[in-house]
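2 protein chains.
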Amino acid sequence: MTVTSKATCEDLDASDPLAVQRSMFSLPEATLYLDGNSLGALPRSTAAKLDKVITEQWGAGLISSWEGHGWWAKPLELGDRLAPLIGAAPGEVVVGDSTSINLFKVLAAALGLRPGRRVVVADARHFPSDGYVIEGLCALLPGCQVRTVEGDDRRLAEAIDDSVAAVVADHVDYRYSTVRDMSEVTSRAHSRGALAIWDLSHSAGAIAVALDRDEVDFAVGCTYKYLNGGPGAPAFLFAAQRHLETARQPLSGWSGHADPFGFSAGYKPAPGVARFLCSTPAILSLAAVEASLDIWDSVDLAAVVDKGARLGDLMIELVEARFPDGAMTLASPRRASERGNHVAFRHPRAAELIARLAARSVIADFRPPDILRFGMAPLYLRYVDIWDSVEVLSEVLGAVD
Amino acid sequence: MTVTSKATCEDLDASDPLAVQRSMFSLPEATLYLDGNSLGALPRSTAAKLDKVITEQWGAGLISSWEGHGWWAKPLELGDRLAPLIGAAPGEVVVGDSTSINLFKVLAAALGLRPGRRVVVADARHFPSDGYVIEGLCALLPGCQVRTVEGDDRRLAEAIDDSVAAVVADHVDYRYSTVRDMSEVTSRAHSRGALAIWDLSHSAGAIAVALDRDEVDFAVGCTYKYLNGGPGAPAFLFAAQRHLETARQPLSGWSGHADPFGFSAGYKPAPGVARFLCSTPAILSLAAVEASLDIWDSVDLAAVVDKGARLGDLMIELVEARFPDGAMTLASPRRASERGNHVAFRHPRAAELIARLAARSVIADFRPPDILRFGMAPLYLRYVDIWDSVEVLSEVLGAVD
Chain Z
1 MTVTSKATCE DLDASDPLAV QRSMFSLPEA TLYLDGNSLG ALPRSTAAKL
51 DKVITEQWGA GLISSWEGHG WWAKPLELGD RLAPLIGAAP GEVVVGDSTS
101 INLFKVLAAA LGLRPGRRVV VADARHFPSD GYVIEGLCAL LPGCQVRTVE
151 GDDRRLAEAI DDSVAAVVAD HVDYRYSTVR DMSEVTSRAH SRGALAIWDL
201 SHSAGAIAVA LDRDEVDFAV GCTYKYLNGG PGAPAFLFAA QRHLETARQP
251 LSGWSGHADP FGFSAGYKPA PGVARFLCST PAILSLAAVE ASLDIWDSVD
301 LAAVVDKGAR LGDLMIELVE ARFPDGAMTL ASPRRASERG NHVAFRHPRA
351 AELIARLAAR SVIADFRPPD ILRFGMAPLY LRYVDIWDSV EVLSEVLGAV
401 D
Chain D
1 MTVTSKATCE DLDASDPLAV QRSMFSLPEA TLYLDGNSLG ALPRSTAAKL
51 DKVITEQWGA GLISSWEGHG WWAKPLELGD RLAPLIGAAP GEVVVGDSTS
101 INLFKVLAAA LGLRPGRRVV VADARHFPSD GYVIEGLCAL LPGCQVRTVE
151 GDDRRLAEAI DDSVAAVVAD HVDYRYSTVR DMSEVTSRAH SRGALAIWDL
201 SHSAGAIAVA LDRDEVDFAV GCTYKYLNGG PGAPAFLFAA QRHLETARQP
251 LSGWSGHADP FGFSAGYKPA PGVARFLCST PAILSLAAVE ASLDIWDSVD
301 LAAVVDKGAR LGDLMIELVE ARFPDGAMTL ASPRRASERG NHVAFRHPRA
351 AELIARLAAR SVIADFRPPD ILRFGMAPLY LRYVDIWDSV EVLSEVLGAV
401 D
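Which chain is which? The protein sequence lines are Z and D, in order. Residues 1 to 401 (my numbering) are what the first sequence spells out, left to right. Residues 1 to 401 (my numbering) are what the second sequence spells out, left to right.
The hints are simulated quantities; they were obtained by calculation from the structure and are not laboratory data. Remember, predicted model here, so these are calculated numbers, not experimental data. It is possible that part of the hints are untrue.
You can't tell identical chains apart in this list, so a pair holds if it fits in one copy or across any two.
The list that follows gives simulated cross-link-like pairs (lysine to aspartate or glutamate, DMTMM-like), each with its CA atoms no further than 20 Å apart [claimed, not checked]:
no. : residue 1 : residue 2
1   : Lys268    : Glu135
2   : Lys6      : Asp181
3   : Lys52     : Glu29
4   : Lys49     : Glu67
5   : Lys49     : Glu352
6   : Lys268    : Glu29
7   : Lys52     : Asp313
8   : Lys6      : Asp51
9   : Lys49     : Glu338
10  : Lys268    : Asp297
11  : Lys49     : Asp181
12  : Lys49     : Asp297
13  : Lys52     : Asp161
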């Protein structure tokens, strides 16, 4: 597209099929929030939902709410509601614990399913916490080696040989927004007898994800970015149906037991994906995820993917038109199909620019060493917000030059 | 004491130094809630606190609240506030994740601190989830053996020999309420070069706990029982000061990294107890814990311990006076000093009795196979509630006989 005026952006907003979803979020006036890829905005219904759960279910129902309000079943119920957003089937997803903890579980499960193998291929592009967790698990296991791989999908795929138990990769690079070819990497892993584990933190609710079609083995991701579950919201965990009866994971708390209220000695994993649960469900946090899924239930995911791509394209187009001297260098793929829903640029004074933007109520992220990261959450961002943000960016950049 | 009338109970309530705390809880009318040892009652301030955090901090502050509202520091801040309740010093406690996950962390840390040893002594009385987690960790570690010990403190202590890396025990038995001698078992562990790990889920906020005085190495516990943090609230983790610079734990997520926002490759543990953090802090759940600690900050812990003992004594006295035929058999220690803040009785039709009590709005717990468990949360239970509960119990028992 070629957008040369704010009026064009207003036209795009007027015909946006997701405009109705924006009204479901509580956004501070006069803030241009390009950071929904870090912490998603607040759904309008969340506060009332939490109040109800706190007052009626906890306060009045007390212990009886574990059954009476279905608390115990929430991790599975919300998992089933989240499943369509990531191309999973009912019974393959749970919501609970954190992304790091869930990665620990599924990687341990994958290593258990490949007992003769002790190499884990790790994507050097991953969010660092994933690397720390892989390191933490492997340090426990004699002979376990982490093979960290820099580079594109082909390099990553080629690093998977017959010694590899599992590959762990981020679907969308948290810095540059580059999308990995989930199908290609997973297929390569399988051809070598390895399993594929994906972190979807930057893709769930943002771009198309087809876990079952791509035959992914395990996946994890957070719900506090594009899924709007709130700060530190519970994460999700996906395990493919074909592994559910054989996978074991070491964070074997009572929530994953076949008969948690039998209080028997000895762990017996629950049938199905419930065996990946560990902890007593965190009901207040889960209620906030539920409020968000109430919105997501009614969303056309194809429209989200389409709008995310257009917002990113617009951002790139406007920045490059405004700074033809290359003061801001695109660090993300130019083609929307190769990009997640954030756009990164490089500038030597990126940290200062992000601080100056914030002072003007344009909220984006700095990532070391020189990256400005702009998130394009399709549910509540308008095309006109991109226009206005680039206007402010232009003024701010003039001030630091 | 000898209590022969409801009027005596009313007198005791009139002079109760904790009567003011009861007014800080939202309790359903006409319910006699003897299950605060399972899910603590709702503080009156929790709903407003959550509303504020959701609306003002998340909704309006968005990403800036991680710093602006001190979100990132909450696990340490709340740990410092919780520390006095368990006899710990500032800088030894964090709040986050779950009891099971925290047990996994500290047991792995303990095994790391005792590299030549591969035996874990486990208390057969523990809440089953603790056993499942010990089993889950040990299954990962070649040569790791779990030695599960039945019996009293002496039996437990005697099972700790020079091959033992750590003993894991529950301070208060979740069924019978028996209190372990923390000092004796810990001291025996140390005399054999082993470490002591305690689960305080049924003692924090209920009875006297002196982790530092008793030289405990590690401890974990939940905040949703006597600490009123809400269903599935974040747990706490204690690590003694002397281990903080050497202990390592495998759930090494970015929250425990020395420089989480440096996004560097390679895990470097944070100095101090922060290295036991894993996940992005669960802000909504932590806000509920904070609302509860606002109450606990003003509580005289000696009064809590004293009242808990008196409520339990009263329950035993009234039940035994009412059922001199021994229809209900005391399953908890008779001496308050050997008992936590719940009292257990045996009856062959315990499950049915608990259901009938619930139908009459007396809420208590059944635990297999034949245990009725009555929780005596001192902050909001009245002496008269015990009287009334035993009245109803008497009617209900008459109906099933």
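Results of checking the hints against the structure:
1. Within a single copy, Lys268 and Glu135 get their C-alpha atoms only as close as 28 Å, which misses the 20 Å cut-off; across copies the closest is 11 Å, which meets it.
2. Within a single copy, Lys6 and Asp181 get their C-alpha atoms no closer than 35 Å, and across copies no closer than 73 Å, so neither meets the 20 Å cut-off.
3. In this homomeric assembly, Lys52 and Glu29 come within 20 Å of each other (Cα to Cα) only across copies, at 18 Å, whereas the closest approach inside a single copy is 27 Å.
4. In the homo-oligomer, the alpha carbons of Lys49 and Glu67 lie at most 20 Å apart inside one protomer (18 Å), although the nearest pairing across protomers, at 26 Å, exceeds that limit.
5. Taking the shortest alpha-carbon separations for Lys49 and Glu352, neither the intra-copy value of 39 Å nor the inter-copy value of 34 Å comes in at or below 20 Å.
6. Taking the closest pair of Cα atoms, Lys268 and Glu29 never come within 20 Å of each other, the shortest separation being 52 Å inside a single copy and 40 Å across copies.
7. In this assembly of identical chains, the alpha carbons of Lys52 and Asp313 never lie at most 20 Å apart, being 41 Å within a copy and 37 Å across copies at closest.
8. Within a single copy, Lys6 and Asp51 get their C-alpha atoms no closer than 40 Å, and across copies no closer than 36 Å, so neither meets the 20 Å cut-off.
9. Taking CA atoms no more than 20 Å apart as the test, Lys49 paired with Glu338 passes in neither setting, with 37 Å inside one copy and 42 Å between copies.
10. Neither within a single protomer nor between protomers do Lys268 and Asp297 lie at most 20 Å apart by alpha-carbon distance, with minima of 34 Å and 40 Å respectively.
11. For the homomeric pair Lys49 and Asp181, neither the shortest alpha-carbon distance inside one copy (38 Å) nor that between copies (44 Å) is at most 20 Å.
12. Proximity of Lys49 to Asp297 under the C-alpha cut-off of 20 Å is restricted to the intra-copy arrangement: shortest distance 16 Å within a copy versus 28 Å between copies.
13. Taking identical chains as interchangeable, the C-alpha atoms of Lys52 and Asp161 are never at most 20 Å apart, the minima being 52 Å within one chain and 52 Å between chains.
Of the numbered hints stated above, those contradicted by the structure are hints 2, 5, 6, 7, 8, 9, 10, 11, 13, listed in ascending order.
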